[in-house]
Amino acid sequence: METSLIATLGLLALGVIGGITFKALQGKGHRVSTKEIIDLGKLKASNNGLPTTEYGKKATLVQFSTSYCGQCPGVKRTLSQLEYRLGGLRFAEVDITERLDVAAHFNISQTPTVFLLDQNGHLIYRMGGVPKMNQLMEELEKLGVK
Amino acid sequence: MTEIKRIDPRGPRFGAGITSVLSLASFALSFQFGFIAGYPLMVALFLLFAWSVFSPKTHPYQLIFQKLVRPRLKEPTELEDPRPPQFAQKVGFSFAILGTLGGLVISALIPIAAAFIFIAAFLNAFFGFCLGCQMYLGLRRFGIIR
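From first to last, the protein sequence lines stand for chains A and B. With the working numbering applied, the first sequence corresponds to residues 1 to 146, in that order. With the working numbering applied, the second sequence corresponds to residues 1001 to 1146, in that order.
Heads up, some of the hints might be wrong.
To be verified - As a list, the in silico DSS-like pairs of lysine-lysine whose alpha-carbon atoms are at most 25 Å apart: (1) K76/A with K1074/B; (2) K23/A with K1074/B; (3) K1005/B with K76/A; (4) K35/A with K23/A.
What the hints assert, rightly or not - Which stretches of chain B does chain A cover? Using the computed rule of at least three CB atoms under 8 Å from a CB of chain A, they are: (5) 1021-1033; (6) 1080-1093; (7) 1113-1121; (8) 1135-1142.
Bear in mind the hints are in silico, worked out from the structure with no lab data behind them. C-beta: ideal position from N, C-alpha, C; glycine also.
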């Protein structure tokens, strides 16, 4: 009786720990040191369905989405609102559903993935999954976006 | 591109909830009464997974969700592409095959398969984390699936 109870509870605990770990890691961002310039034109980035190539005056957010991504539309809405609300920020979206080469180049393994670019288009910060908003706001503030 | 009917994301999560209970029960039984005691439930999981792989629209979970659960819920804020959850069902199905066929040869495979199915289903149902969906883009990138 005891071993089976312990094993079952152990498995249940493993599931809970896995879930909490996932919640903690999901959307957590990290700095990128390569400072790669992200060419929005080459990526065929769009904003509200229209092609966009310009960076924001202070910062640009680039969201990589796929058509089978459940959480992408929600994140897109949130980030678009941010663009509208904050000065100097631009938002652009890149659909990588059929562009696995782009995913491979940037080592993207999940969508949404969000890149934060500085005013010159250098990639400085990236987040995999649904971004943690307080973290994102902190990073934006560092670039002077308020 | 063919039009793909988007689905309520809570449908698959509801099914995953039932799957997690069944797999945990299979796991507990095989520890309590010998590995083979978990076998009937493993076969049930195998059949249910097979059903959702080959005919997701007629699946009993889906019908229960449509008829009894969804009318009691609010409108979903977002619909999602059915391909990643269907892919996740195939992953679950693979583990069920391992437990059902492999379990006849090596009975320890029954609780092992049950444990994997439980973790994946549990994370999906209670944390909204779909392991198979998460792996979808990565696996496509490496050419493992199309």
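How the hints compare with the structure:
1. Restraint check for K76/A and K1074/B: the C-alpha separation of about 22 Å stays at or below 25 Å, so the hint holds.
2. Proposed proximity of K23/A and K1074/B is supported: the alpha carbons are some 24 Å apart, at most 25 Å.
3. Using a Cα cut-off of 25 Å, the hinted pair K1005/B and K76/A holds, with the two alpha carbons roughly 21 Å apart.
4. Of the pairs offered as hints, the one joining K35/A and K23/A is violated, with about 28 Å between alpha carbons and a cut-off of 25 Å exceeded.
5. Judged by the Cβ-Cβ criterion of 8 Å, the segment 1021-1033 of chain B is covered by chain A as claimed, because 5 of its residues qualify and three suffice.
6. Closer than 8 Å: that is the beta-carbon criterion, and the segment 1080-1093 of chain B has 4 residues meeting it against chain A, so the requirement of 3 holds.
7. Using a Cβ-Cβ cut-off of 8 Å, 3 residues of the segment 1113-1121 of chain B lie near chain A, which meets the minimum of three, so the contact claim holds.
8. Coverage of the segment 1135-1142 of chain B by chain A holds. Counting CB-CB distances below 8 Å, 5 residues qualify, and the rule asks for three or more.
The structure fails hint 4 only (numbered hints given earlier).
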